[in-house]
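Number of protein chains: 2
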Amino acid sequence: MSKLPRFDEWTCPLPLRHHTGIVMGHGGGGSLTADLVEHLFAPAFRNDTLDAMGDSAVLELPAGATRLAFSTDSYVIRPLFFPGGSIGEIAVHGTVNDLAMAGAQPLFLSAGFILEEGLPLDHLGEIVRRMSEAARSAGVLLVTGDTKVVEKGHGDGCYINTSGVGVVPAGLKLGPHLARPGDAILINGRIGDHGIAILSVREGMEFETAVVSDTAALNGLVAAILAATPDVHVLRDPTRGGVAATLNEIASRSQVGIVLDENALPIGGDVESACELFGLDPLTVANEGKLVAVVASEAADAVLDQLRHHPLGREAARIGTVTDQHPGLVSARTKIGGTRLIPMPLGEQLPRIC
Amino acid sequence: MSKLPRFDEWTCPLPLRHHTGIVMGHGGGGSLTADLVEHLFAPAFRNDTLDAMGDSAVLELPAGATRLAFSTDSYVIRPLFFPGGSIGEIAVHGTVNDLAMAGAQPLFLSAGFILEEGLPLDHLGEIVRRMSEAARSAGVLLVTGDTKVVEKGHGDGCYINTSGVGVVPAGLKLGPHLARPGDAILINGRIGDHGIAILSVREGMEFETAVVSDTAALNGLVAAILAATPDVHVLRDPTRGGVAATLNEIASRSQVGIVLDENALPIGGDVESACELFGLDPLTVANEGKLVAVVASEAADAVLDQLRHHPLGREAARIGTVTDQHPGLVSARTKIGGTRLIPMPLGEQLPRIC
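Protein sequences appear in the order of chains A and B. Sequential numbering of the first sequence, starting at 1, is according to my numbering. Sequential numbering of the second sequence, starting at 1, is according to my numbering.
Only chain A is shown next, with the shape it has when bound in the complex (with noise of 0.2 Å):
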């Protein structure tokens, strides 16, 4: 767990002061519940659209934007607080990169809070806070939000949920459906570090590793690739259920195969030693920073120039090609030159990792 500031470093505003948790009162609409607007939220989020304690956020949308994207995550990931990360920056970087995908440039967020009655103040407001550093940082504001809370044995310390809403550049179209024969696969960088990062710190399951969660925004990245070339088609990021599940599910909304080279495939060494020790396939392991584009084979190099000349696409690598053959199946020729299939994750074998 990251160190925490204690209560009286972190700059806990004095009317929260004689509350050292969260009470049921703070999600209760009254003056508690505006305590907690005013002296944590307002300040962390502070921006000129920001409706602080109104119902809606009024919005001026950028001259000739005609299509807007709209996405909705929860939160829910355990612990709240993780090697490289914490529940505060998943929050914004997953929905950011879900605008993203889409080709959007993210602009606005909500966030949701569901917190558990006696949630620490200070761990709220260190993931608040990190919350606020991701948005700056993602250069998107965060402009309407909600408190609700919940018994104690009732929740998990805090559940989170974001949406959010971006511009989509006229004429753009991406999507898991558009997939074509001859495209490339393309990652940027390693495999695996979220979820293992996360395992690593999991209730009887500790274990010494040097890896960090990936957490990033990646809109930054997307727009470098879009700059590159017209010819992306699709854009996911490999959250739950890993690169195998995106790929999966692109292989079937377009019906098309795809085949994976997993010689090619960037993994660090500490996860793959974590994923033999508990029999994970690195695959189905969550990513919190990473993105696979398929593109038309042509711009392949100059994308994956575009990648790697960017902070967070160093590794990047061509990882596969989509085939005309076997319509909806994934398959990947091993390290050892074997074939095997790769299906579709049943569900997540480390839940609850976003």
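No lab work stands behind these hints, which were simulated from the structure alone. These numbers were taken from a predicted model, which means no experiment stands behind them. Watch out, some of these pointers could steer you wrong.
To be verified - Anything over 10 Å on all C-beta distances counts as not near chain A; from chain B, calculated:
| # | residue |
| --- | --- |
| 1 | 79 |
| 2 | 205 |
| 3 | 210 |
| 4 | 265 |
| 5 | 324 |
Unchecked claim - Pair by pair, the computed Cβ-Cβ distance ranges are:
| # | chain 1 | residue 1 | chain 2 | residue 2 | range |
| --- | --- | --- | --- | --- | --- |
| 6 | B | 203 | A | 205 | 31 to 39 Å |
| 7 | A | 279 | B | 43 | 33 to 41 Å |
| 8 | A | 203 | B | 279 | 40 to 48 Å |
| 9 | A | 181 | B | 311 | 55 to 63 Å |
| 10 | A | 267 | B | 153 | 33 to 41 Å |
| 11 | B | 203 | A | 170 | 32 to 40 Å |
| 12 | B | 296 | A | 223 | 42 to 50 Å |
| 13 | A | 207 | B | 79 | 54 to 62 Å |
| 14 | B | 118 | A | 272 | 34 to 42 Å |
| 15 | B | 153 | A | 269 | 32 to 40 Å |
| 16 | A | 79 | B | 180 | 48 to 56 Å |
No residue lacks a Cβ here, since even glycine has one placed at the ideal position from N, Cα and C.
Fit chain B to the known structure of chain A by using the hints.
Only chain B this time, still in chain A's reference frame:
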């Protein structure tokens, strides 16, 4: 609790039948999640924009739209089914109403489900069916969603976040800071029904009453009001914290005084009795189908007339006046001719009513 269809009466699609309850894998992003989306969510919410398995929905904006309303709310109501509704209706109506209170035409909703392991699938099916009906009758499309599952004991059956996007007409300005001395304060009907309906079925509290929740989508009513007059200054739905919290917020944000006339407040006899029994002030009890409108005095009669011609406003009443006395304070002329201060409620006397 409302009568639920038995599992075998509910049209549970075949691939889901071998589960009677939610399992962790339904939140794993793999084929179990896909089953739930394909066989339960997608059929219920079917529309052209619904992005059943994608990262974001991509939405065409109405021509000329330049301002969006964007709102979010998480729903943690207990119990999930109650007289007059369920978490499904509340989750749609609540967010539709938040958009409507900004004067927006609500267009699109997202839905984020946090399900507890073991939630009976027929309960989820019934909740989703009710959401779908509520969305259809409110004229909004549910276009994107997310499902997470938490272990048994870490949730409460089902929490739902909905976020919403609407378009705000050009030139319209509404807000809790815009009440002016002399304005009339109107409400569209009886207060307290929702909170008392929930209380009547709360564990340990069950009592006999005919009160049912007033949960309703108010966007049609708002459209009627805005068509009648440009002189609407504030629209708010008095949910958590009731009319007392709403009026205190308006008084504080507009720096005006508000004087209520308790004789004019529409309250049902059963709600009044229940409030007496439990020592509750009906002004602090939640509503889910009410709005408070602050309008220029000259426009009050025209707006009341519009309200009373609408099925959701038949018992509309003028309940108070904005003054320049005691800015920031709300008081009431009581039924016996006295005056009492109506303070901002601290928290919620009945937690988890939405």
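Here is how each hint holds up against the structure:
1. 79: The assertion about residue 79 of chain B holds, with a minimum of 13 Å to chain A.
2. 205: At about 15 Å from chain A, residue 205 of chain B clears the 10 Å cut-off, so the statement holds.
3. 210: Residue 210 of chain B is indeed farther than 10 Å from all Cβ atoms of chain A, at 26 Å.
4. 265: holds, 19 Å
5. 324: The claim holds: residue 324 of chain B sits with its nearest Cβ about 23 Å from chain A, beyond 10 Å.
6. B:203 - A:205: 31 to 39 Å: holds, 35 Å
7. A:279 - B:43: 33 to 41 Å: holds, 36 Å
8. A:203 - B:279: 40 to 48 Å: Between residue 203 of chain A and residue 279 of chain B, where Cβ atoms are some 43 Å apart, the hint holds.
9. A:181 - B:311: 55 to 63 Å: holds, 57 Å
10. A:267 - B:153: 33 to 41 Å: Check passed, 35 Å falls within 33 to 41 Å.
11. B:203 - A:170: 32 to 40 Å: Since residue 203 of chain B and residue 170 of chain A have Cβ atoms about 54 Å apart, the given range 32 to 40 Å is violated.
12. B:296 - A:223: 42 to 50 Å: Given a distance of about 47 Å, which is inside 42 to 50 Å, the answer is holds.
13. A:207 - B:79: 54 to 62 Å: Given a distance of about 41 Å, which is not inside 54 to 62 Å, the answer is violated.
14. B:118 - A:272: 34 to 42 Å: At 35 Å between Cβs, range holds.
15. B:153 - A:269: 32 to 40 Å: For residue 153 of chain B and residue 269 of chain A the Cβ distance comes to about 37 Å; the hint holds.
16. A:79 - B:180: 48 to 56 Å: Hint holds: Cβ distance 50 Å, inside 48 to 56 Å.
Hint violations for this structure: numbers 11 and 13, all remaining hints satisfied.
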